[in-house]
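Chain order of the listed sequences is P and D.
Reading the first sequence from the start, the letters are residues 1 to 214 in the working numbering.
Reading the second sequence from the start, the letters are residues 1 to 115 in the working numbering.
Hint data in this document are derived by calculation from the structure and do not stem from the laboratory.
Ideal Cβ positions, reconstructed from N, Cα and C, are used throughout, including at glycine.
Incorrect hints may have been included.
On the chain D side, residues computed to face chain P include the following (Cβ under 7 Å) [stated by the list, open to error]:
no., residue
1, Leu32
2, Tyr64
3, Arg79
4, Val91
Below, in silico cross-link-like pairs of lysine-lysine (DSSO-like), each with a Cα-Cα straight-line distance of 30 Å or less [unchecked claim]:
no., chain 1, residue 1, chain 2, residue 2
5, P, Lys61, D, Lys39
6, P, Lys47, P, Lys72
7, D, Lys90, P, Lys106
Derived coverage of chain D by chain P (criterion: at least 3 residues anywhere in the stretch with Cβ under 8 Å from a Cβ of chain P; other residues may be distant) [to be verified]:
no., region
8, 19-29
9, 65-76
Here is how the chains run, residue by residue.
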Amino acid sequence: MNSDHHHHDHDHDHDHDHPHAPPQPDDKVHSYYQILSIALKELLIEKGVVTAAQVRQFIEKRDSITPANGAKVVARAWVDPAYRARLFEDGNAAAAELGFPITGTKLVAVENTPDTHNVVVCTLCSCYPRDLLGLPPAWYKSRAYRARVVREPRAVLREFGTELSDDVALRVHDSTADIRFLVVPQRPAGTENLDEDALAALVTRDSMIGVARI
Amino acid sequence: MRTPQDIGGLPEGPVDPSEHMLNFWEKQADGLRAAVGAKGLMSSHESRRAIESLGEDAMERLTYYERWTAALSLQMVERGVLTQDEIDAKVAQVRQRLADTGELEMTPSEAEKLP
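One chain only, chain P, in its complex shape:
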């Protein structure tokens, strides 16, 4: 590994080593894999496999998906017991009801209760309910999170500021290419008078991964 990495955030170590570097300017190409990515895109367009418009549409679609999608699912489950039952019965169908179709993977919703807390990881890589939460944060893809949350989940949660008492059971769900998990956090006390939109605004990304509570 080279040490003169000034204004260059690809230090080729691990993903979690990057966050402190400022975003690199978009008008310079810094790495071989950036060149390879451009080359692949141009070749695949030349061969008619994909079009530039299709690639752009997928980028725009990805940009449009934020944790607000998942928050709507959670808020509906909080206010509508029948919806809540459907969500735990068939996550894909319940998400689709709210306009969030998930294809190719099975969505499993898991519920936090006063005596059970859930947290999600993908130990092998980065599988994540992207259609409901957007792209995973860097730490979700980091070696430290993936390696440790299955062995010492309470310690990892503590690093996120979440202290679980010993009498709360902690379930860790390891995602696969086929199954994605969504944590339904506990509805905070004192929110009886809030409407669904106001409730959704309380639901954070990290609470739906399970590293935080609300």
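With chain P fixed as given, assemble chain D onto it according to the hints.
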């Protein structure tokens, strides 16, 4: 035996919870992978298999979207969509073009990785 991506339960240091915004090229790489996937040319299983086949060195040295890009290249060759020669020639061409327009700014260690 553990394969390089199979790290669940291994000892590691603290989790760095900082957020990392994607660079433009990483978004491009994500969009390209999604578009190829939508054509039925790369399922999430194929993507996973290709990334895992890159080996321990790639897991250690490459960033997330660098691995995705290496895996996409591998998958396109294995699928017969592109040949390695085509890819190598295009990489050389793109590199030259970026150098000519002053858009290329590589460290010596990056430049050494060029074929």
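Against the structure, the hints:
At about 5 Å, the closest approach between the beta carbon of Leu32/D and any beta carbon in chain P falls short of 7 Å, and the interface hint on this residue holds. For Tyr64/D, the shortest C-beta to C-beta distance to chain P is roughly 5 Å, which falls under 7 Å, so the interface hint holds. Contact between Arg79/D and chain P, as hinted, is not supported at the beta carbon level, the nearest pair being about 10 Å apart and thus beyond 7 Å. With its C-beta approaching chain P no nearer than about 5 Å, Val91/D sits inside the 7 Å limit, and its interface hint holds.
Restraint check for Lys61/P and Lys39/D: satisfied, since their Cα atoms lie roughly 16 Å apart, inside the 30 Å limit. Between the alpha carbons of Lys47/P and Lys72/P the distance comes to roughly 41 Å, so the proposed pair goes past 30 Å and is violated. Our distance criterion of 30 Å between C-alpha atoms is broken by Lys90/D and Lys106/P, whose separation comes to about 38 Å. Closer than 8 Å: that is the beta-carbon criterion, and the region 19-29 of chain D has 10 residues meeting it against chain P, so the requirement of 3 holds.
Counting residues of the region 65-76 of chain D whose C-beta sits closer than 8 Å to any C-beta of chain P gives 7, which meets the bar of three, so the coverage hint holds.
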